[in-house]
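Number of protein chains: 8
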Amino acid sequence: MKKNDLSSFAELDFERDRRCGFAEFVYGAGKTPEQIAAIMAELAAHGKPVLATRVAPEAAEFVLKKLPEAVHDELARSIMIPARKKVRRPGKVAVICAGTSDLPVAREAVNTLTVCGAENFLIPDCGVAGLHRLLSKLERLRKADIIIAVAGMEGALPSVTAGLVECPVIAVPTSVGYGASLNGITALLAMLNSCASGVTVVNIDNGFGAACAAVRMLSLRSGKSVR
Amino acid sequence: MKKNDLSSFAELDFERDRRCGFAEFVYGAGKTPEQIAAIMAELAAHGKPVLATRVAPEAAEFVLKKLPEAVHDELARSIMIPARKKVRRPGKVAVICAGTSDLPVAREAVNTLTVCGAENFLIPDCGVAGLHRLLSKLERLRKADIIIAVAGMEGALPSVTAGLVECPVIAVPTSVGYGASLNGITALLAMLNSCASGVTVVNIDNGFGAACAAVRMLSLRSGKSVR
Amino acid sequence: MKKNDLSSFAELDFERDRRCGFAEFVYGAGKTPEQIAAIMAELAAHGKPVLATRVAPEAAEFVLKKLPEAVHDELARSIMIPARKKVRRPGKVAVICAGTSDLPVAREAVNTLTVCGAENFLIPDCGVAGLHRLLSKLERLRKADIIIAVAGMEGALPSVTAGLVECPVIAVPTSVGYGASLNGITALLAMLNSCASGVTVVNIDNGFGAACAAVRMLSLRSGKSVR
Amino acid sequence: MKKNDLSSFAELDFERDRRCGFAEFVYGAGKTPEQIAAIMAELAAHGKPVLATRVAPEAAEFVLKKLPEAVHDELARSIMIPARKKVRRPGKVAVICAGTSDLPVAREAVNTLTVCGAENFLIPDCGVAGLHRLLSKLERLRKADIIIAVAGMEGALPSVTAGLVECPVIAVPTSVGYGASLNGITALLAMLNSCASGVTVVNIDNGFGAACAAVRMLSLRSGKSVR
Amino acid sequence: MKKNDLSSFAELDFERDRRCGFAEFVYGAGKTPEQIAAIMAELAAHGKPVLATRVAPEAAEFVLKKLPEAVHDELARSIMIPARKKVRRPGKVAVICAGTSDLPVAREAVNTLTVCGAENFLIPDCGVAGLHRLLSKLERLRKADIIIAVAGMEGALPSVTAGLVECPVIAVPTSVGYGASLNGITALLAMLNSCASGVTVVNIDNGFGAACAAVRMLSLRSGKSVR
Amino acid sequence: MKKNDLSSFAELDFERDRRCGFAEFVYGAGKTPEQIAAIMAELAAHGKPVLATRVAPEAAEFVLKKLPEAVHDELARSIMIPARKKVRRPGKVAVICAGTSDLPVAREAVNTLTVCGAENFLIPDCGVAGLHRLLSKLERLRKADIIIAVAGMEGALPSVTAGLVECPVIAVPTSVGYGASLNGITALLAMLNSCASGVTVVNIDNGFGAACAAVRMLSLRSGKSVR
Amino acid sequence: MKKNDLSSFAELDFERDRRCGFAEFVYGAGKTPEQIAAIMAELAAHGKPVLATRVAPEAAEFVLKKLPEAVHDELARSIMIPARKKVRRPGKVAVICAGTSDLPVAREAVNTLTVCGAENFLIPDCGVAGLHRLLSKLERLRKADIIIAVAGMEGALPSVTAGLVECPVIAVPTSVGYGASLNGITALLAMLNSCASGVTVVNIDNGFGAACAAVRMLSLRSGKSVR
Amino acid sequence: MKKNDLSSFAELDFERDRRCGFAEFVYGAGKTPEQIAAIMAELAAHGKPVLATRVAPEAAEFVLKKLPEAVHDELARSIMIPARKKVRRPGKVAVICAGTSDLPVAREAVNTLTVCGAENFLIPDCGVAGLHRLLSKLERLRKADIIIAVAGMEGALPSVTAGLVECPVIAVPTSVGYGASLNGITALLAMLNSCASGVTVVNIDNGFGAACAAVRMLSLRSGKSVR
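Residue numbers (numbering that gives the first Met the number 0), protein chains in the order written: chain A, 0 to 226; chain B, 0 to 226; chain C, 0 to 226; chain D, 0 to 226; chain E, 0 to 226; chain F, 0 to 226; chain G, 0 to 226; chain H, 0 to 226.
These are computed hints drawn from the structure, not numbers from a lab. Just so it is clear, CB atoms sit at the ideal spot from N, CA and C, and this is done for glycine as well. Hints are not guaranteed to be accurate.
[To be verified] If you only want the chain B side, here are some residues facing chain D, beta carbon under 7 angstroms, derived:
#1 Ala-9
#2 Asp-12
#3 Asp-16
#4 Lys-30
#5 Pro-32
#6 Ile-203
Produce the entire structure from the sequences given, and follow the hints as far as they go.
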C-alpha cells in the first residue's frame with residue numbers, strides 16, 4: 000500500500016555516516032508510528048546503528064511490537080537498535096545536568112553518544128545554587144575530553160563550568176522552568192551570552208544534537224590531517 | 000513664563016519620604032534641562048536630599064551651571080545635592096558587579112544609597128567566568144545586610160551569590176552585551192529564573208531602583224512592629 | 000532499583016538552611032511522583048521542614064499515600080511536612096492579591112512562609128479597579144514588615160501599594176488574564192517598570208520565590224552586623 | 000517639476016471630514032519637508048483645518064518659512080493652521096498624564112482636539128506613585144465627557160482612573176521608560192489588560208489618535224439617531 | 000465552610016455601577032465553579048444584572064444547576080441573569096465580525112450590551128476579502144451610534160470601516176488564525192496601527208471589554224455636562 | 000592592494016541570469032563604498048545590467064564619482080547602470096502603495112523592474128483609510144499581470160486588493176509607522192495572515208525582492224513547458 | 000432553527016471565482032461541524048468545487064456522514080468535493096518538502112491545486128542536510144512552472160532551490176521542529192530573509208495559501224493582456 | 000588617580016590560560032578608551048597575548064597612541080599585541096562566510112585564532128544562493144579540522160556545510176540583513192534549528208567566541224586522556 004511505501008514519505012541517506020561521521024537517525028516527532036517503524040527497520044536492514052528520538056509513548060508501543068530487538072528509554076523517549084558491528088571512538092564525554100528535571104534531556108545525549116560508540120558518563124543535579132556540588136566533581140570533569148552541560152531556568156551551569164576547564168563545553172538549554180523561562184528561551188539566550196569564552200550552544204532540549212556535535216569533535220582525536 | 004512654571008509640567012510629592020522612606024528623586028531622561036534644574040532646585044529648597052539620574056551630558060552641563068552646589072558622577076550620569084540634615088540608616092549594603100562595563104549601573108546604586116544615608120561598599124569585576132574572584136570575597140559579602148548584584152550578558156552572578164549567602168540579594172540586569180543579549184532582556188530573564196531561591200529583580204540598568212529597594216529593606220533593621 | 004535510587008537523579012543540599020536561611024525545597028514540576036516522594040522522605044528524615052510546590056494532582060495522590068503525615072493544599076498545589084522543631088522568625092508578612100483568580104499563587108506564598116516559620120496574613124481581592132478596597136486596608140498593611148503583592152492582568156497593584164508604604168514590596172506577577180496578558184509577561188513587565196521606586200519582582204506565578212525573598216529580608220530584623 | 004507635483008506622491012482626501020467627522024491630517028514622519036509643506040498648503044487652500052504631527056525640527060523650520068500663518072508646538076512636534084471657519088463641538092475632554100516626560104504626547108492630543116474644535120483641559124504629573132495627586136482632581140475629572148489618560152512605564156494610570164469614573168477612558172501608552180519598558184510596549188500591554196472594564200487603547204505615543212477617537216465619541220453628544 | 004465563604008476569596012464591589020455606569024461582572028476563567036456560582040448568587044441577591052464570561056462548559060453545568068434562572072450562551076461561553084429592574088440606555092450599537100470563526104467573541108459583546116440595557120444588532124461574516132459584503136451594509140452601519148468591529152487574521156476590518164463612518168469604532172482582535180497570527184497578537188498590532196484615525200482597541204477576544212467601552216460612550220448621549 | 004582586490008571580499012556569480020532569470024545585483028548595506036563601486040564596475044564590464052540597492056548617501060557620492068554612467072534615485076537609495084543590450088519581458092506589473100511615506104520602497108521595486116526590462120506603472124497613496132482611492136483605480140489594476148502592493152502601519156492594502164483581482168498580489172510591508180508597528184513587523188505579520196487567499200509576502204521594505212519575484216512570475220508568460 | 004440557518008453565521012461569496020480565479024473555500028478551524036457541513040453543502044449546491052481545510056478528526060467524521068460524496072485526506076486534514084465541471088489550467092506546479100514531518104502541509108497544497116484543476120507533482124524528503132537528494136531532482140524541477148517549497152526547522156530549502164531555478168518559488172514554513180523553532184516562526188523568518196532573490200512566503204503551515212498563490216500565477220500562462 | 004587605577008574597575012584573571020587554554024581578552028564595548036588601554040598594557044606586561052575586540056574607532060585611536068606595538072584591524076574593530084612567546088597549536092581551522100557584508104565578523108574569528116596560535120584560512124562570499132561557490136571549495140574544506148561558518152540573513156550556510164563534512168561546524172550568525180532579519184536573531188534561530196545534526200552556535204556577530212570554541216576543540220588534537 001502506498002502509505003506504507005517508504006518512498007512515498009522518505010528518502011533515506013545511507014551515506015551520511017561516510018560524509019558526516021554518524022548515520023541518519025530518526026526524529027520521531029511529527030511522524031506516524033508506522034513511518035517511524037518502517038524507517039528504523041530499513042536502517043537496521045542496512046546495518047546502521049539505529050536511534051529514534053522524541054518518540055511519543057503510544058508510538059513507542061507500536062514500534063517496540065514491530066521491532067522486538069529495539070531498546071526503549073522511557074524517560075528520554077528514545078528507542079535504539081545497537082549496530083551489529085560496534086564502533087569505538089577515542090575520547091570520553093561528560094554529560095552534566097543542573098537538576099533532576101533536566102535528566103530526560105541529559106539521557107537523550109547519553110543514548111546518542113552510546114549509539115555512536117562514544118564513551119561517556121553522567122553527573123546529575125549539580126546546578127549552581129549549591130556550588131559545592133559542581134566543585135567537588137571538578138577533578139573528574141577535567142579528565143573528560145568534552146563536557147555537555149544541560150540546564151534549564153537561568154542556564155548558568157555552562158558558564159560556571161567553562162570558566163573552570165579547558166575542553167569544549169557544549170551547552171544544552173532545557174525547557175525546565177515556568178513563566179519567564181519561556182519554555183527554555185531564557186536558558187538558551189543566557190547560554191549564548193556566556194561570559195565564559197568558547198561555549199557553544201544547541202537548540203532547547205536538544206540532547207541529541209549536543210551528542211552529535213561531540214561526536215564531530217571526537218574526530219579531532221584521530222588527527223584529521225594525518226588521514 | 001509658563002514653560003518655566005513648575006506647575007505646568009510637574010507636581011512635586013513632598014510627602015514621599017514620610018510615606019515611603021525616601022524623598023522624590025528626579026528621573027532625568029525625557030525631561031528638558033530646564034525642567035530638571037527647576038525640579039532639583041525646588042526639592043533642595045524644601046530641604047530634601049536631591050538626586051537626578053540618567054542626566055545626559057548636555058543636560059548635566061546646564062544643571063551644574065544653575066546649581067553650583069550639585070555634584071556630578073559622569074560615569075553613572077547622576078547629579079546629587081546632599082541634604083543639609085544627614086540621615087544615617089542602620090545596616091550596610093554591598094554592591095557587586097560582574098564586569099567593568101557594568102560599573103555605571105553599579106555606581107548609580109551606590110550614589111542612590113549614599114544620598115539616602117545608607118552605608119555601602121562596591122566590589123567590581125567579580126563575574127562567574129573566573130569564580131575565584133567571587134569566592135575570595137565571600138567572607139566580606141557575608142557581613143553585608145543586603146547584596147545588590149549587577150550583571151549583564153547571561154546574568155549568572157546573582158544566582159551563584161544567592162546560593163552562598165543568607166541575606167537578600169537584589170539582582171540588577173544590565174544592557175551590557177550584544178546580539179542575543181537583547182539589550183539586557185536576557186540577563187533580566189535569567190535573573191527572574193534564578194535557581195537560587197529568593198532572588199528579586201529590578202528593571203534593566205536600574206541601579207537606582209535596586210538601591211531604593213535596599214533602603215526599604217533597611218527599614219526592617221529598626222524593627223517596624225516596635226514602632 | 001536504580002530508578003528509585005536517589006543518587007541516580009538527585010544530590011540533596013542539606014546545608015542550604017545553614018548557608019541561605021531556609022532548607023532545600025522540592026520543585027514538583029518535571030519530576031515523577033516517585034522522585035518527589037523519595038526526595039521529600041529523605042529531607043524529612045534529616046529533620047528538615049519539607050515543602051513541594053507545583054505538584055500535579057495525580058502526583059499529589061501518589062505522594063500523600065507514601066507520606067501520610069504530609070498536608071496538601073489543592074488550590075496552591077503545595078504539599079508540606081512541618082518540621083519537628085518549629086522555627087519562629089521575627090516580623091510579619093502581608094500577602095495581598097488583586098483578584099480571586101490570583102489566590103493559588105498567593106497561597107503558595109503563604110504556605111512557604113508558614114513552612115519557614117514566618118508570621119503572615121492574607122488579603123484577597125483588593126485590585127485597583129475598586130481602589131477603596133485597598134485604601135480601606137492601608138492601616139493594617141502599614142503594620143506589616145514586608146508586603147507581597149500578587150496580581151495578573153496589568154499588574155498595577157504593587158505600584159499603587161508601594162506608593163503608600165515604607166516597607167519592602169515584593170511584586171508577584173501571575174498568569175491570570177488572556178490575549179495580550181501573554182501568560183503573565185505583561186504583568187511581569189509592568190511590575191519591573193513600576194513608577195513607585197523600590198519595588199522588586201520575582202518570576203510569574205512564583206509565590207514560592209517571593210516568600211523565600213521575604214524570609215531573606217526578615218534576617219535583617221535580627222540585625223546581622225550584631226552577629 | 001515632478002518631485003514637487005503633489006499628485007506624484009499624494010492623493011488628498013477632501014471628503015474625509017464629511018465621512019469621518021474630521022479632515023485629513025498630515026503624518027510628518029517619513030515625509031520630506033517639501034512634501035509636508037505642499038500637503039499642508041493644499042489642505043489650507045481648501046479651507047480645511049490643518050495639523051501636521053511628528054514634524055522633525057529641521058522639517059518644521061522649512062515648513063514655517065513656507066507657511067508663515069502656521070503655529071508650531073516644539074515640545075509636541077506639531078504644526079497647525081487654524082481653519083478660517085471655527086467649528087465648536089459639544090462636550091469637554093480631559094487630558095491627564097502620569098509624568099513630566101509624558102507631556103509631549105499629552106500635548107499632541109491637546110493640539111489635535113483644539114484643531115478639531117473640541118474643548119479640553121490638561122492635568123500633568125498625576126501618576127499613581129503618589130495617588131493623592133489623582134484623587135485630589137477627581138471632582139474635576141468627573142465633569143469631563145471623556146478622559147484621555149497618557150502614561151509610560153507600567154501604564155497604570157488608566158486602570159485606576161477608569162475604576163473611579165463613568166465616562167470613556169482612552170489610554171495612551173508612551174515610550175517613556177527604559178529597559179523592560181520596551182519603548183512603550185509594556186505600557187501598551189498593561190493598558191490592554193486593564194482590570195477596570197471598558198478602557199480602550201491606541202498606539203504608543205499616539206496622542207493624535209486618542210484625540211481623533213475622542214472627536215468620534217463627541218458625535219454621540221449630538222444624538223445621531225435624531226439625524 | 001471557609002472555602003465556600005465568599006469573603007475568603009472575593010470582596011464584591013456593589014458601588015461599581017454608581018461609579019462606572021455598569022455593575023461588577025464575573026470573569027469566569029481561573030475561578031472554581033463554586034466561586035462563580037457564589038459570586039453570581041450574591042450579585043443577583045443585591046439586584047444587580049449578572050453576567051459571567053469565559054465560563055468553561057463543566058463550570059457552566061454546575062452554575063446552571065445552582066442558578067436555574069440563569070441563561071447560557073454556549074458559543075460565547077457567557078451566563079446571564081437579567082436584572083429585575085430593566086435599564087434602557089439611549090443609543091444603538093452595531094457589532095460586526097469578519098468571519099464565522101469570530102462569532103463567539105462578537106456574541107460576548109452582544110451579551111454584555113444586552114445585560115447593560117444597550118440596544119444592539121449583529122452583522123456576521125463581512126470581512127474585507129469580499130468587500131461588497133461590508134459596503135452593502137454601509138447605510139445600516141451609518142445609523143449606529145457606535146460600531147464594535149471584531150476580526151482575527153490580519154484584522155483589517157476596523158480600518159476599512161472607520162474610513163467610511165463618523166462614529167466611534169472599537170476594534171476587537173480575535174485569536175482566529177494560525178501560525179503568524181500569533182493567537183491574535185497580529186490582529187491586535189494591526190488594529191493599533193490602523194491608518195484610519197480614531198480607532199481604539201481592546202484586548203484579544205475581549206468582546207466583553209468592547210461592550211463596556213461602548214456603554215461608557217453611550218453616557219455621552221445623555222449629555223454629561225447637563226447633570 | 001589586497002583590500003581593493005575583488006577576490007578578497009567577493010566572488011561574483013556571472014551565471015545567475017542564466018540560472019535564475021536575472022543577474023546578480025548589489026546589496027549596498029554593510030559594504031564599503033569601495034566594495035560597492037568595484038563590484039558594480041566588474042558586473043558592468045561583463046555586460047550585465049547593474050543595480051545597487053540600499054546605498055547610503057555618502058557611499059552613493061563615492062560610487063557616482065567612480066562610475067559616471069550610473070544613475071541615482073535618491074529617494075529609493077538605488078544606483079543603476081542600464082545594460083547595453085536591452086531585455087524586454089512580456090507582461091506588465093503594477094506597483095501600488097498605501098501612503099506617501101511608502102514611496103521609497105515602491106520606487107525600489109520600480110527601479111528593479113526597470114533594470115530587468117519589465118514594464119511597470121506606479122500608483123501612490125491609495126491606502127484603505129479612503130477606500131474610494133483604490134476602487135477608482137480598479138479597472139486599471141485589473142489590466143496588470145502582477146500587482147506589488149506596498150504598505151506600512153496595519154498593512155491592509157494587499158488583502159483588500161487581492162479580494163478584487165485574479166492576478167498574483169505580492170505584498171511588501173514597510174517600516175512606516177511607530178510604536179506598535181514594530182518597524183514593519185506588524186505590517187509583515189498582517190500580510191502573512193491575509194484573509195484574501197493567495198497573497199505572498201516578502202521581507203520588510205524589500206521592494207527589490209518583490210520585483211525579483213515578479214520577474215520570476217513573468218517567466219510564465221513565455222510558457223515554460225514549451226521551451 | 001436559527002443556529003443551523005446559514006445566514007446567521009455566514010454570507011457566502013459566490014462571485015469569488017469570477018473575481019479572484021478560485022472559489023471560496025472553507026477554513027475548518029474554529030467552526031462547528033454543523034457550520035462546516037452546511038457551508039460545504041451550499042457551495043456544492045451552487046456547482047462550486049469544494050475544499051475544507053484544517054478539519055479536526057471529529058468534525059471530519061460528522062461532515063463525511065452528511066456529505067457522502069466528499070473525499071477525506073486524513074494526513075492533511077482536508078475534505079474535498081470535486082466540482083462537476085472540471086477546470087483544467089495550463090502549467091504544472093512542483094511541491095517539494097524537506098522532511099517526512101512536513102508532508103501534511105505539502106499535501107494540503109497538493110489537494111488545493113487538484114481541486115483548482117492545476118497539474119502538480121510532489122517530491123518528499125529532499126531537505127538540504129543531504130544536498131544530493133535535491134540536486135538529483137533538479138532537471139525535473141526545472142520543468143515545473145512554479146515550485147512550492149515546504150520546510151520547517153531552519154527553512155533553508157527555498158533559498159537553495161531558488162538559487163538553482165528561474166521559475167517562481169513559493170516558500171511555506173512549517174511548524175515542524177521544537178524549542179527555538181518557535182512553532183515555525185524561525186522557518187518563516189528565515190524564508191523572508193532568503194539570500195536567493197525573488198522568493199515569496201506565505202503563513203506557517205499554509206499549504207493552502209501557497210497553492211492559491213500558484214493558481215493566481217498560472218493566470219499569467221493564459222496571457223492576461225490578451226483578454 | 001583613582002579612575003585610572005586598574006583595581007577600581009577591573010580584576011584581571013592571569014590564570015585563565017592555565018585553566019581554560021587561552022588568556023583573558025578585552026571586550027572593548029562599554030569600556031572607556033583609558034580602561035581598554037590600561038587593561039591591555041597590564042596583560043602585555045604579564046607576557047600574555049593581547050586581543051581587544053569591538054573597539055570603536057575613536058577608542059582605537061587612543062589605544063594605538065598609548066600602545067604603539069599594537070596592530071589594528073579596522074574592518075573587524077580588533078586590536079592585537081602578539082605574545083612574545085609564540086604558541087603553535089596542532090590543527091587547522093577554516094573560516095567561511097556567506098557574503099561580503101559578513102567579513103568583519105569572519106575576520107574577528109581569524110584575528111582571535113591567530114592570537115591564540117591556531118592555523119587558519121578564510122574563504123569569503125560562498126553563500127548558498129550560488130551553491131557552486133561552496134561546492135567548488137569542498138575538497139579544501141574537508142581538510143580542515145574545524146569549520147567556522149559565518150552568515151547573516153537566513154543563515155543557511157552552516158546547515159548545508161555540515162551535511163557535507165565530518166568535522167565540527169561552529170555557526171556564527173551575523174546581524175547582516177534588514178527587516179525580518181531582526182538584527183541577526185533570524186540567522187541565530189535558523190542555525191539553532193539546523194537540519195544537519197551536530198551544528199553548534201554562538202552569539203550574533205560573535206566571531207571571537209567561535210574562535211575560542213575552536214581553540215577548546217583543538218585541545219582534543221593533543222589527546223587529553225594522555226596527559
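Hints versus structure:
{"no.": "1", "hint": "Ala-9", "result": "5 angstroms, holds"}
{"no.": "2", "hint": "Asp-12", "result": "4 angstroms, holds"}
{"no.": "3", "hint": "Asp-16", "result": "12 angstroms, violated"}
{"no.": "4", "hint": "Lys-30", "result": "6 angstroms, holds"}
{"no.": "5", "hint": "Pro-32", "result": "13 angstroms, violated"}
{"no.": "6", "hint": "Ile-203", "result": "3 angstroms, holds"}
The structure fails hints 3 and 5 (numbered hints given earlier, in ascending order).
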